[in-house]
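Number of protein chains: 2
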Amino acid sequence: MPDSPKIFAKQYMLTAGPTPLPPRVSQVMAEPILYHRAPAFVEVYRRVLERLPEVFRTANQVLCFAASGSGAMESAVANLIAPGDRAVVASCGKFGTRWAELCEAYGAQLDHVAFEWGERVDPERLDAAISAGGEPPRAIFVTQSETSTGVVNDVRALAEVARAHGSPLCVDAISGLGAVDLHQDEWGVDVVIGGSQKSLMCPPGLAFASVSERALAVASERPGRRLYFDWQRTAEGQGQEPPNSAFTPAVTLFMGLDVALEMIRDEGLDQIFARHALLARAARAGVEAMGLERFGPDDPDANVVTVARLPEEIDGARVPKLMRDRYGVTVAGGQAHLKGKIVRIAHCGYYGGFDIVVALSALEMALRDLGAEVDAGAGAGAAQRVFAESGAVPQPVG
Amino acid sequence: MPDSPKIFAKQYMLTAGPTPLPPRVSQVMAEPILYHRAPAFVEVYRRVLERLPEVFRTANQVLCFAASGSGAMESAVANLIAPGDRAVVASCGKFGTRWAELCEAYGAQLDHVAFEWGERVDPERLDAAISAGGEPPRAIFVTQSETSTGVVNDVRALAEVARAHGSPLCVDAISGLGAVDLHQDEWGVDVVIGGSQKSLMCPPGLAFASVSERALAVASERPGRRLYFDWQRTAEGQGQEPPNSAFTPAVTLFMGLDVALEMIRDEGLDQIFARHALLARAARAGVEAMGLERFGPDDPDANVVTVARLPEEIDGARVPKLMRDRYGVTVAGGQAHLKGKIVRIAHCGYYGGFDIVVALSALEMALRDLGAEVDAGAGAGAAQRVFAESGAVPQPVG
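Top to bottom, those sequences are chains A and B. Quick note: the first sequence uses this note's numbering, first residue 9, plus one each step. Quick note: the second sequence uses this note's numbering, first residue 9, plus one each step.
Pulled out of the complex, with its shape left as it was, chain A reads as follows:
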């Protein structure tokens, strides 16, 4: 076995992907691997395909790819955008910008409406930008939960804007799916992209595209330039009896996802959203109680990642490093121009109340180590009070 320092040390991970795996998910992936055409695996595959749409709140087939989440994002651009097609991207952070990179790579005539990092996408400005460009865009691309800033956009309002222009809306819901509500069908969202490694409580390596009939029809008018991420081919394979993957599926990850979807069903989506809301309320109360300013708008739906500005008098880039190397608690710092300026505590997936207490405590200790004036226990205490008022410390089921 290669030397693997600290892999076995007791670690606490509050990062927005990978997220911690439930023991049952890890265990099922350690069972003897199955041949993907064996009846026992086909049954798992069929059950996953049946249950995934529940998480998206859709009647669509959810298309599955062995890929990072970005691969499924690329599937949306590759299937919808031909060179010269007009595309509109509304971004407010790093992951929104990825839509723009993808559209440029595929030769779109791109209108990129970029909001400040930390702002939400404003539906009215998006509406105006769409109108200003003349003909309706071939597709509109937005982000639900912008992991780089903690912002959660109002997908329902953005879907209304897209509908008014008659253009399909594609939502990157990779970090928000299963943590914040999204009614794909009720809200009329054509394409929702997900990934396995966030609130679906699995390792990275599976990505999803829930695609409406309308979007599939647009894609069929734009053939070629893709095979691995081709929606039609994937849909045909999954729609066979028995269902069949167009390419060798990532068998162990499907085994894990099958168990995770069972856990999600047991807990119930509404209960899961309520748990995430409570975890976020406690995290927000905690960072405020230790005197930190929260980053981003005051948004009751920002329940995926809690983001705080770091005091200017300390070297902010050292905070996540100290938390990890001295205390074994991994959170993320800021990206790009926010490096050293913010700390991001993710709580999407297999998280309970004491994970928040741990993260806040480690943050307090790191801040005190760097000379910031923070009362030991201020943040952890505030989180406790939020839980006490709610009646219980939230815990995931299973």
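A hint or two may mislead.
It does not matter which identical chain is used: a pair holds within one copy or between any two.
Derived pair list, reagent style DMTMM-like, types lysine to aspartate or glutamate, alpha-carbon separation capped at 20 Å [what the hints assert, rightly or not]:
#1 18 to 39
#2 347 to 301
#3 329 to 377
#4 18 to 51
#5 349 to 275
#6 102 to 244
#7 102 to 124
These aren't lab readings, by the way, just hints derived from the structure by calculation.
Add chain B to chain A, keeping to what the hints say.
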């Protein structure tokens, strides 16, 4: 936990992907998952990137994708072929045909030299087809180990043909890599594609492209129409210090691959190739001893999958089903027009001599169940004699 019939039953799997996982590989993937930017994972990632080229026998950087093997195949076409570029595909089975599908999807001007299923690609006919088409092709695509028929092509000879025409050669080595020798640099192969789920003894979900400087240069003249599978972007990320994945890596699969590469290093590539050769000799002797005709050319390198024709007087499609459902031994039948006509026993990866004894015994029993005249123990006995003559029953290390 969902009902999972027979998942826990003792099963023997002799399929060319997924292949059985060594216990150490399964165990390391069940450890608590790591954040992909944590030092402990970066160290694993760095070590995998250092050791992968040993398996390809190359000085190239080996580019890693979270994808099925077909995804890395698509990366070759997406990076090398622009619409209208001339491409030559030489195929002799199902997986060779995938190169042609990919080239067509990307708008190539395609010359597809299709050999009969069960034949090897003939270098002279390939040479003539390239010459007949006029200008040198932008790229030539072939298969090393054609899993649908058991054929292993002479990559060295095909590389000489490609070199004579000055065109880059792309080899799908997904099922052969680590089972049959391939000296990428010495033989002058520009692009070699691999996958995690065959002789690399890991689950499906990682795919590889070992790309020469020349092929990278060709790709840089063909920008756009790709992001997830873009070679330049992937190479830049992996080449950073510390190495960095362009997209979230499939963390658990990398943990497994790290252990598998250590096992491969411990056993030694030459020893591994010798083990596969011995397993294949025993399998060939076994099917011949039970009176079956072998399918495909008499090829000493066909050490990945042993393929036998089934007797015409029985319903051949029932053979793999009986082996699996009655005896718990999973092998593959024929695909497309070979359905019901052949049986394919794969032995690439974590296989030892007794796996061959088991497969041959189950095949004998299924044939006898269907009324074929086969002596019980004829095949298993022949395999035993091959091992006895070689001095030991081969076993993988670790």
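Now the hints, each set against the structure:
no.: 1; hint: 18 to 39; result: between (24 Å within a copy, 11 Å between copies)
no.: 2; hint: 347 to 301; result: within (16 Å within a copy, 66 Å between copies)
no.: 3; hint: 329 to 377; result: within (12 Å within a copy, 65 Å between copies)
no.: 4; hint: 18 to 51; result: between (36 Å within a copy, 18 Å between copies)
no.: 5; hint: 349 to 275; result: neither (36 Å within a copy, 49 Å between copies)
no.: 6; hint: 102 to 244; result: between (33 Å within a copy, 19 Å between copies)
no.: 7; hint: 102 to 124; result: within (11 Å within a copy, 50 Å between copies)
In this structure, the one hint that does not hold is number 5.
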